[in-house]
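If you're matching them up, the sequences are chains A and B in order. Mapping the first sequence onto our numbering, position 186 (from 1) lands on 186, and the numbers just tick up by one. Mapping the second sequence onto our numbering, position 244 (from 1) lands on 454, and the numbers just tick up by one.
Hint data in this document are derived by calculation from the structure and do not stem from the laboratory. Just so we're clear, the structure is a prediction, and the values are computed from it rather than from any experiment. Possibly wrong hints are sitting among the right ones.
[As the list claims (entries may be wrong)] According to the in silico footprint, chain B covers these stretches of chain A (three or more CB under 8 Å from chain B):
#1 47-54
#2 192-198
[What the hints assert, rightly or not] Looking from chain B toward chain A, a few residues come up when the C-beta cut is under 8 Å (computed):
#3 Ile433
#4 Pro434
#5 Gly435
#6 Val436
#7 Pro437
#8 Ser440
#9 Ala462
#10 Asn463
#11 Leu480
#12 Gln483
#13 Val503
#14 Ser504
[Claimed, not checked] Computed beta-carbon distance windows for the label pairs:
#15 B:Thr449 to A:Pro47: 34 to 40 Å
#16 A:Glu88 to B:Glu344: 50 to 56 Å
#17 A:Arg180 to B:Thr422: 52 to 58 Å
#18 B:Ala403 to A:Thr146: 58 to 64 Å
#19 B:Asp251 to A:Glu210: 28 to 34 Å
#20 A:Thr71 to B:Thr296: 53 to 59 Å
#21 A:Pro47 to B:Asp513: 36 to 42 Å
#22 A:Glu143 to B:Glu265: 34 to 40 Å
Every residue, glycine too, gets a C-beta built ideally from N, C-alpha and C.
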Amino acid sequence: MSPAFLVIIWRSLIVVLAALLLEPSVAPAIAATGEEPDWPCVQRLVPEIAPAVIWAGPPVEPVDGAAGNPTIDELATELAARRVPIEEAEAQVENFAKSLTDEQKDEQLTRLFARTLEIINGDRSSIIQGIKKYARGQRTLAETITEKNERLSELPKEEVVARDTLIAERDWDIRIYDDRERSLTYLCEQPVLLEQRAFALARTIASHLE
Amino acid sequence: MQRGLGVLSAATAAWLTLGAAAEARTIYVSNEQGNTISIVDGDSLELVKEVEVGERPRGIVLSPDGKFLYICASENDTVQIMDTETLEILGELPSGPDPEVIVISPDGAKIYAANEDDNLVTVIDVASRSVDAEIPVGVEPEGMGISPDGKVVVNTSETTNMAHFIDVESHEITDNILVDQRPRVATFTADGAEVWVSSEIGGTVSVIDNGTRAIKHKIGFEIPGVPAESIQPVGVGVTSDRSKAFVALGPANRVAVVDAQTYEVKDYLLVGQRVWQLAFSPDEKFLYTTNGVSNDISVIDVDAEKVTKSVAVGSFPWGVAIKD
Chain A
1 MSPAFLVIIW
11 RSLIVVLAAL
21 LLEPSVAPAI
31 AATGEEPDWP
41 CVQRLVPEIA
51 PAVIWAGPPV
61 EPVDGAAGNP
71 TIDELATELA
81 ARRVPIEEAE
91 AQVENFAKSL
101 TDEQKDEQLT
111 RLFARTLEII
121 NGDRSSIIQG
131 IKKYARGQRT
141 LAETITEKNE
151 RLSELPKEEV
161 VARDTLIAER
171 DWDIRIYDDR
181 ERSLTYLCEQ
191 PVLLEQRAFA
201 LARTIASHLE
Chain B
211 MQRGLGVLSA
221 ATAAWLTLGA
231 AAEARTIYVS
241 NEQGNTISIV
251 DGDSLELVKE
261 VEVGERPRGI
271 VLSPDGKFLY
281 ICASENDTVQ
291 IMDTETLEIL
301 GELPSGPDPE
311 VIVISPDGAK
321 IYAANEDDNL
331 VTVIDVASRS
341 VDAEIPVGVE
351 PEGMGISPDG
361 KVVVNTSETT
371 NMAHFIDVES
381 HEITDNILVD
391 QRPRVATFTA
401 DGAEVWVSSE
411 IGGTVSVIDN
421 GTRAIKHKIG
431 FEIPGVPAES
441 IQPVGVGVTS
451 DRSKAFVALG
461 PANRVAVVDA
471 QTYEVKDYLL
481 VGQRVWQLAF
491 SPDEKFLYTT
501 NGVSNDISVI
511 DVDAEKVTKS
521 VAVGSFPWGV
531 AIKD
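Pulled out of the complex, with its shape left as it was, chain A reads as follows (with noise of 0.2 Å):
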């Protein structure tokens, strides 16, 4: 065999070797339960936190959105508020509470509660649906990475410019891929951290239940 060759082989070899290397980062991370493909997080996918879960005070009536009583709506959106710590929100379901007669207690904390995880449900379903299209986004990106390096292996060696133009391109891929991925664990976060705040302002309010 000429030399030349022998060149040719080896660096078509280091090219598949380069491909094959990358996949591993390229491969999107695989849900932990497997049963949802847009699903990236290890969390269990929680789509909607049911009152029952949360909840063991009186059944909640269906709330239709904010109709009935801007007072439990105003206090709601400020408890469902991330910004607010919860040691504020607590002082509020107090206050709230305090300015209950014993016979509208319990009504009207249901009622609060009910109003509460309504908001907090739509913000989980908004964060929950932007995680799905991140994860589709990063599924099109790494079919595009592996595309590219494929089409890579079948440029010859001479299309130096057009060579470097796609690696070029491919290593900006990369670079975003990883960034993105990187901040996969604070986004899957947010859903579990919503629920906590539920939970925690469902045991405030309960305990302010006759």
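Given the coordinates of chain A, assemble chain B onto it according to the supplied hints.
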């Protein structure tokens, strides 16, 4: 002469009782993410201290004399020995890889560890800090139970969905009982008559007759308004008199109260989020549960069957042990 002795022993008994009452109760909680053990004062129910331990601490168990707390530091592939007086780590026991749950023989001489990744149960000699034997079991062994007489160890394998009964002398598996999906915990009743095995995904608790080694009853759980897949039975505790049992139901955030004679579910108690393991106080007046997602433990009054308090602990509490 006899009356004199009677008075003397009564006085001694009174003195001993006073001595016992003066001893504080301590609750130990392993925090899976925090890599700490929370020390909670059992009388005031206040968090007293957080002690840093190994990585991913899960199963914890006290020595029979209460002098040591053995901690599964899963990520470190070891069982740590903590002095309950000084709260210092004195050393380690060779546990095999990734120990999650351990049980200790009634005499404190042997510890049995489930090695999840290697499908083994490791038998550890505590005094010599060495491995006696490795027993191959089913896939993903996790739950460990030991009979009150120390003669039988039960290990559950999560993927094979089995409860393996192991003879402690021969280290041989004598029975393999098929249970429902993903068995997590195996608990013997105090009289050794039954073994209760919880199945996390199956959503049931199988009560196995220790004599016939057959399932005598399967307990199912249903909570209005709670999706069935959220009901995941994990920790199980049965009172010594076998009158009641308590089952932690994971993301259902509740503990089921079960009549341990009729196997009927009497009540569901809302505790913290993702309730996982539970343990009785030595006098069985209280039950303590670990709530992984709300980062606290709940205290249940066993007689009243009511939750009395929640105490914030470390990050992702997993195991709990109580010492008087």
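Outcome of the hint check:
1. 47-54: Satisfied; 5 residues make the cut.
2. 192-198: It holds: at least three residues are needed, and the stretch 192-198 of chain A offers 3 whose Cβ sits within less than 8 Å of chain B.
3. Ile433: holds (7 Å)
4. Pro434: holds (6 Å)
5. Gly435: holds (3 Å)
6. Val436: This hint holds: B:Val436 lies near chain A, its Cβ roughly 5 Å from the closest one there, short of 8 Å.
7. Pro437: holds (6 Å)
8. Ser440: Holds. Min distance 6 Å.
9. Ala462: Holds, because the Cβ-Cβ distance from B:Ala462 to chain A comes to roughly 7 Å (cut-off 8 Å).
10. Asn463: Since the shortest Cβ distance to chain A is 6 Å, the answer is holds.
11. Leu480: Since chain A brings a Cβ to about 4 Å from B:Leu480, closer than 8 Å, the hint holds.
12. Gln483: holds (5 Å)
13. Val503: holds (6 Å)
14. Ser504: holds (6 Å)
15. B:Thr449 to A:Pro47: 34 to 40 Å: holds (38 Å)
16. A:Glu88 to B:Glu344: 50 to 56 Å: holds (54 Å)
17. A:Arg180 to B:Thr422: 52 to 58 Å: The hinted range 52 to 58 Å holds for A:Arg180 and B:Thr422, with Cβ atoms some 57 Å apart.
18. B:Ala403 to A:Thr146: 58 to 64 Å: Holds, at about 60 Å.
19. B:Asp251 to A:Glu210: 28 to 34 Å: Since the Cβ atoms of B:Asp251 and A:Glu210 sit about 31 Å apart, the hinted range of 28 to 34 Å holds.
20. A:Thr71 to B:Thr296: 53 to 59 Å: Hint holds: Cβ distance 55 Å, inside 53 to 59 Å.
21. A:Pro47 to B:Asp513: 36 to 42 Å: holds (39 Å)
22. A:Glu143 to B:Glu265: 34 to 40 Å: holds (36 Å)
Violated hints are absent here; each numbered hint is respected by the structure.
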